[in-house]
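Protein chains: 4
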Amino acid sequence: MYRIGIIGDGYTAAELLRLMLVHRVFNPVYISSTENIGTRVDELYPQLYGRSDLACEPTEIEVIKQKCDAVFLALPHGLSVPMVKQLTAAGIKCVDLGADFRLKDAEIYKKYYGLTHEAPEMLVDAVYGIPELYRDKIKSCDVVANPGCFPTSAILPMAPLLRKGLIEPTGIIVDSKSGVSGAGRTPKDSNNFCNVNESIKAYGVGNHRHTPEIAQELSFAAGEKVQMLFTPHLVPMNRGILSTIYSHLRPGVAREDVRAALEAQYNKEYFVNILPEGTFPQTKSVYGSNFVQIGVHTDEEGNVILVSAIDNLCKGASGQAIQNMNLMLGVEETEGLTFAGVNP
Amino acid sequence: MYRIGIIGDGYTAAELLRLMLVHRVFNPVYISSTENIGTRVDELYPQLYGRSDLACEPTEIEVIKQKCDAVFLALPHGLSVPMVKQLTAAGIKCVDLGADFRLKDAEIYKKYYGLTHEAPEMLVDAVYGIPELYRDKIKSCDVVANPGCFPTSAILPMAPLLRKGLIEPTGIIVDSKSGVSGAGRTPKDSNNFCNVNESIKAYGVGNHRHTPEIAQELSFAAGEKVQMLFTPHLVPMNRGILSTIYSHLRPGVAREDVRAALEAQYNKEYFVNILPEGTFPQTKSVYGSNFVQIGVHTDEEGNVILVSAIDNLCKGASGQAIQNMNLMLGVEETEGLTFAGVNP
Amino acid sequence: MYRIGIIGDGYTAAELLRLMLVHRVFNPVYISSTENIGTRVDELYPQLYGRSDLACEPTEIEVIKQKCDAVFLALPHGLSVPMVKQLTAAGIKCVDLGADFRLKDAEIYKKYYGLTHEAPEMLVDAVYGIPELYRDKIKSCDVVANPGCFPTSAILPMAPLLRKGLIEPTGIIVDSKSGVSGAGRTPKDSNNFCNVNESIKAYGVGNHRHTPEIAQELSFAAGEKVQMLFTPHLVPMNRGILSTIYSHLRPGVAREDVRAALEAQYNKEYFVNILPEGTFPQTKSVYGSNFVQIGVHTDEEGNVILVSAIDNLCKGASGQAIQNMNLMLGVEETEGLTFAGVNP
Amino acid sequence: MYRIGIIGDGYTAAELLRLMLVHRVFNPVYISSTENIGTRVDELYPQLYGRSDLACEPTEIEVIKQKCDAVFLALPHGLSVPMVKQLTAAGIKCVDLGADFRLKDAEIYKKYYGLTHEAPEMLVDAVYGIPELYRDKIKSCDVVANPGCFPTSAILPMAPLLRKGLIEPTGIIVDSKSGVSGAGRTPKDSNNFCNVNESIKAYGVGNHRHTPEIAQELSFAAGEKVQMLFTPHLVPMNRGILSTIYSHLRPGVAREDVRAALEAQYNKEYFVNILPEGTFPQTKSVYGSNFVQIGVHTDEEGNVILVSAIDNLCKGASGQAIQNMNLMLGVEETEGLTFAGVNP
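Chains as they are written, first to last, in the working numbering: chain D, 1 to 344; chain S, 1 to 344; chain R, 1 to 344; chain F, 1 to 344.
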């Protein structure tokens with residue numbers, strides 16, 4: 001059994017606790033909070049009632065070092081860097097669910113997050129945690145930058161096409177639709193029920209923080225700088241991200257190469273489903289699960305439309321975090337994550 | 001044209017503005033706020049975009065006296081009393097959408113709202129504003145206490161039965177289900193989308209503030225103290241209250257007298273529909289409208305089940321407030337309120 | 001007063017009835033049905049309870065000719081053509097809410113709807129009913145082809161840019177998100193609550209019937225054939241369409257020309273709001289209303305992102321139909337349509 | 001490994017398949033259908049994509065006898081009786097998720113379901129499958145009548161109080177609120193999204209089929225005939241039942257005995273949580289899980305209000321079915337059911 005710590009008590013922390021209830025070798029022994037110190041997690045999250053005796057503690061690195069073999073950090077940006085530095089120095093594996101280690105370029109981090117990165121030298125070794133693309137690196141690293149939810153939904157379908165040079169690296173459009181849990185647990189106008197229910201809206205048009213993260217990974221896949229647009233939308237549902245992604249075939253590429261590339265990349269992947277021709281995913285098929293479903297459409301004009309569905313809190317956050325930690329600790333990659341989506 | 005003021009900028013204020021857009025003689029000329037001074041109402045409430053040039057002002061009684069012929073107060077409890085006192089002294093008709101003038105007994109007010117009432121002498125003259133029950137008094141009063149949303153849904157169906165002595169004044173159960181807009185605009189845990197969506201819960205079990213208000217009016221109708229239970233529930237929808245109300249026929253009363261009493265009371269009422277035998281309402285039939293729909297069931301054992309549906313922000317708040325103000329100012333009672341529910 | 005007939009009893013018929021309740025000169029005197037002959041409309045649509053004595057009749061042209069001055073047709077495609085032919089021959093103005101008169105090219109109609117058009121000669125004179133773009137023609141025509149809901153949301157924002165040649169006529173992407181009422185009243189898998197709620201999906205990818213309709217009108221605006229993609233999505237809400245539309249500035253065009261063109265086109269339009277810079281619409285701002293809200297974004301690379309919001313049943317169907325009929329009968333264009341969106 | 005058959009392909013069948021994906025000894029080998037013969041289950045239920053190779057077969061008893069060690073029947077009422085008769089004769093354990101074996105009195109079955117029971121003699125031996133109340137009988141029986149969803153939510157909280165004679169056996173009111181999946185997969189008006197969303201309604205007032213089932217079990221618990229009312233309501237959510245249950249203390253009974261009786265009954269039960277004083281459940285705490293949460297309120301007048309929350313498809317159907325089958329086959333009772341609710 002591994003003794004697992006969680007720093008932070010938001011929705012992704014709750015999801016980590018839920019997932020570890022059925023994980024055979026991860027035992028959550030510590031959770032920290034700023035606002036809820038002393039509160040039992042099953043009071044904060046009544047779905048855990050009677051299933052956990054953990055209560056939120058203050059965040060003390062020395063305590064964590066003693067109690068934990070590995071740590072998930074689920075914090076607002078800027079707060080993870082100093083902790084990860086100390087924890088890894090003590091030999092503790094870290095999966096950071098925040099944004100601090102995702103962008104390789106500290107300048108871009110500063111531009112989008114408004115902070116000077118405190119340990120830019122660590123950005124080289126932190127691994128961007130999509131196991132299906134970076135499995136080997138994840139197995140041997142100390143810090144995984146767990147991807148953002150929107151980036152996970154965009155990079156998984158697009159990376160194989162860019163790696164093989166099938167599509168143009170320009171004019172890519174990622175139009176994403178997210179459930180409200182992505183807005184976090186803290187009450188605010190943008191997650192107030194009556195502001196969200198029976199409505200849909202675009203937000204962060206042209207400047208959402210996940211834009212450079214998607215661009216970075218698509219550029220890595222393409223081997224050149226990719227030009228893309230990303231527009232997120234807020235949908236009245238708790239969970240789920242659907243991304244509709246538009247791109248163009250490169251001249252001379254056959255339409256069927258698109259599906260072939262995706263199947264070649266993912267056919268042996270447990271968590272990725274490339275759906276049959278003419279079938280497109282709905283988010284509820286992966287509700288509460290770590291699966292990704294991808295539908296593929298091409299047309300005679302060379303347009304490529306990929307549609308991907310994930311659960312933003314699971315494959316888009318805590319599920320992928322456990323998948324990463326499984327790899328880092330030498331546990332079976334799918335441990336604790338084999339259940340299917342809750343539907344209806 | 002009457003120059004209308006609104007004190008407060010929450011959901012009921014927004015609904016007043018929406019309703020007055022199609023009111024032929026009420027012209028909103030003033031709205032006050034504490035948090036949003038200087039902000040245009042169509043920025044706060046984009047459904048009003050381009051339809052109103054009002055911006056929120058500070059609450060200044062002298063300004064209100066100059067600008068307004070009549071005023072709606074939509075404030076947290078405790079704040080209306082001093083304002084209503086000054087406004088009525090200046091001859092300005094007031095409809096208070098808050099709780100300050102609803103309870104005739106200042107002791108009960110103190111028990112449930114935790115405040116010593118500052119002007120208990122005014123409680124005698126303030127009229128409880130259900131026009132279908134107190135129309136004549138409303139026409140000639142200076143202050144209407146606009147009823148709570150749950151009480152409106154419970155009193156309208158039950159008062160006629162109690163007035164005629166058809167049902168026992170004991171063992172009444174009001175089981176109510178409300179949309180989330182009743183929780184107000186301020187973001188908090190209880191209106192956070194992910195806490196509410198895909199879930200239902202009871203709240204305020206045994207101690208909700210609308211309990212004494214319902215009990216007061218049912219007791220007035222019965223001519224004796226009524227014993228009842230009230231349990232509200234939170235339903236994942238923006239608007240609507242459905243109340244399922246259980247009571248017992250008095251010995252010797254015929255089942256058909258129940259329907260007859262309701263029809264006798266309401267057949268000529270524009271806003272109240274007594275549905276045919278075997279038909280029960282859904283809240284969406286009155287969504288956004290000032291109508292009330294009531295279904296009636298009795299059985300051989302003398303059980304009476306009434307089910308009522310209202311829109312909590314309209315007949316349960318701002319619509320009824322305008323209906324009251326129409327009466328107070330001698331305007332046609334239905335002015336501005338004749339549209340039907342939005343469905344689907 | 002005009003005596004108005006409605007052929008069909010689905011959601012758009014119900015919305016027509018709701019809207020005409022507050023219309024001062026349109027009096028609905030006739031509604032026909034196939035499945036619900038003899039059923040009162042307030043039984044089918046309980047939001048109308050007590051507000052209408054109409055019951056569904058069989059569809060008989062001679063009866064309609066006698067009873068009605070003007071007719072709305074709300075029928076599945078293929079059924080309107082013979083009726084409109086007879087009605088207009090009798091001097092009765094027709095607004096067809098179906099698809100039969102929208103496409104000017106009977107071949108494209110056949111390709112997308114699978115039917116040979118029975119009166120292709122009528123396609124020339126039928127006017128595509130977006131009043132903001134074709135007002136004068138609508139005033140003097142006999143048949144209005146009421147636009148599809150998605151097309152309304154796409155054409156209104158895009159036509160002014162194409163008319164002025166500001167954007168490229170190629171590479172346009174219309175990514176639309178719709179509430180479920182667009183799927184109609186007949187129960188089926190795609191509108192079954194548990195298949196839709198807590199989920200979002202794309203549908204009709206690459207082949208939705210509204211594609212040629214949008215393309216036709218954008219091409220008319222551009223004066224040349226436009227190349228575009230359209231992808232609709234199903235969102236768990238009753239009403240509303242949000243369209244996010246991606247296009248590219250033509251070389252040499254200034255970014256600010258985009259907003260200027262939209263404002264020039266729509267500043268005097270009652271129902272169209274061009275939102276301020278940085279503000280984007282949500283569908284709930286126009287819920288139940290005939291308004292359109294449009295947000296505008298451009299970037300340094302020449303990308304143009306327009307986001308539009310309408311109510312699919314109102315401006316996207318029955319509201320626009322009444323707006324058209326107002327024009328055809330010489331009534332004030334906004335009559336019966338001045339109310340704002342229901343929000344929250 | 002046990003080879004498991006499922007007869008029927010509706011929502012409860014899909015939930016059985018979902019649950020068995022993480023069950024270590026139940027291997028679903030057979031599923032039958034009438035409408036979808038030949039269709040893969042992962043096409044019907046895309047949450048199972050890539051997780052199951054089963055396709056729907058016709059219902060043939062001989063095939064089932066060969067292929068299966070135990071069978072779940074998930075059929076409309078009336079269809080299970082002949083099958084269960086043949087299967088148990090062949091030594092195959094049966095859990096019937098339908099209504100055919102729940103009511104001990106074939107006359108009441110006929111009254112509520114309109115059918116003459118074909119094997120009333122089997123009603124004696126069939127065990128009503130609430131393991132927390134009938135565990136020992138379930139272990140040794142051949143046929144479990146899996147309880148209805150509403151009855152599960154009402155019987156679990158009330159049986160202990162009636163068994164101990166703490167509350168009056170008259171005047172009990174069960175006011176229940178259910179998600180829409182309870183209405184089944186077949187599209188119909190009552191599960192059409194736009195008829196359900198943004199609305200709540202009562203249905204089956206005074207005559208719902210679950211009434212006699214609840215009454216039977218409460219009467220068994222009380223040792224005398226219980227008099228009760230049951231009113232179900234439809235709530236716009238996929239899953240979940242909340243039951244608010246009103247009763248009265250018997251004279252001389254202390255308020256604290258209520259909580260004590262519930263804790264005594266359930267403190268060692270894995271799936272039942274008696275929540276702390278002042279805490280009431282929400283359905284989302286048990287979303288997708290087999291848990292039951294119960295809140296307790298009593299007042300000085302002797303009123304008792306219990307509020308229970310279950311997932312209607314899990315503890316209210318398929319989860320409890322697996323719990324029962326685990327007991328029947330000698331498997332650990334909680335196997336496959338230990339995961340927590342999905343929240344948010």
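It is worth saying that the hints were derived from the structure and are not from the lab. Be a bit skeptical, because a hint or two may be false.
What the hints assert, rightly or not - Calculated from the model, a selection of chain D residues having no Cβ within reach of chain R, i.e. all distances over 12 Å:
1) Val25
2) Gly50
3) Glu62
4) Thr116
5) Thr186
6) Asn192
7) Pro236
Said to hold, decoys possible - If you want the footprint, here are the derived chain R segments under chain S, 3+ residues with CB under 8 Å:
8) 106-120
9) 145-157
10) 280-294
11) 331-343
Claimed, not checked - Listed next, with one range per pair, are the computed distances between beta-carbon atoms:
12) S/Glu43 x R/Asn27: 35 to 45 Å
13) D/Val22 x S/Asp299: 27 to 37 Å
14) F/Arg3 x R/Gly206: 41 to 51 Å
Glycine included, every Cβ here is placed at the ideal spot set by N, Cα and C.
Practice task
Report holds if the minimum CB distance from D/Val25 to chain R is greater than 12 Å, and violated otherwise.
Solution key: It holds; D/Val25 is separated from chain R by about 32 Å at its closest Cβ, greater than 12 Å.
Problem - Residues of the segment 145-157 of chain R with Cβ under 8 Å from chain S, three needed, outcome - result: violated (count 0)
Handout entry: Closest CB of chain R to the CB of D/Pro236 still more than 12 Å away
Key = At about 6 Å from chain R, D/Pro236 fails to clear the 12 Å cut-off, so the statement is violated.
Exercise for the section: State, for the Cβ atoms of S/Glu43 and R/Asn27, whether the hinted interval 35 to 45 Å holds or is violated. Expected result: Hint holds: Cβ distance 39 Å, inside 35 to 45 Å.
Handout entry: Beyond 12 Å from each Cβ of chain R, as asserted for D/Glu62
Key = Given that every Cβ of chain R is farther than 12 Å from that of D/Glu62, nearest at about 43 Å, it holds.
Exercise for the section: Taking the shortest Cβ-to-Cβ distance between D/Thr116 and chain R, state whether it exceeds 12 Å. Expected result: 25 Å, holds
Exercise for the section: Compute the least Cβ-Cβ separation between D/Asn192 and chain R, then decide whether it is above 12 Å. Expected result: Violated, since 9 Å does not exceed 12 Å.
Exercise for the section: Check, residue by residue, whether the segment 331-343 of chain R contains three or more positions whose beta-carbon lies closer than 8 Å to a beta-carbon of chain S, and give the verdict. Expected result: holds (count 6)
Practice task
Beyond 12 Å from every chain R Cβ: check whether that's true for D/Thr186.
Solution key: The assertion about D/Thr186 holds, with a minimum of 20 Å to chain R.
Practice task
Run the C-beta distances from D/Gly50 to all of chain R and say if the shortest one exceeds 12 Å.
Solution key: At about 26 Å from chain R, D/Gly50 clears the 12 Å cut-off, so the statement holds.
Practice task
Hint says 41 to 51 Å; check whether the CB-CB distance for F/Arg3 and R/Gly206 agrees.
Solution key: This hint holds: roughly 43 Å between Cβ atoms.
Handout entry: Proximity test - 8 Å, beta-carbon atoms, the segment 280-294 of chain R to chain S, at least three hits
Key = That given contact holds, which follows from 10 residues of the segment 280-294 of chain R lying within Cβ reach (below 8 Å) of chain S.
Violated hints for the displayed structure, listed by number in ascending order: 6, 7, 8, 9 and 13.
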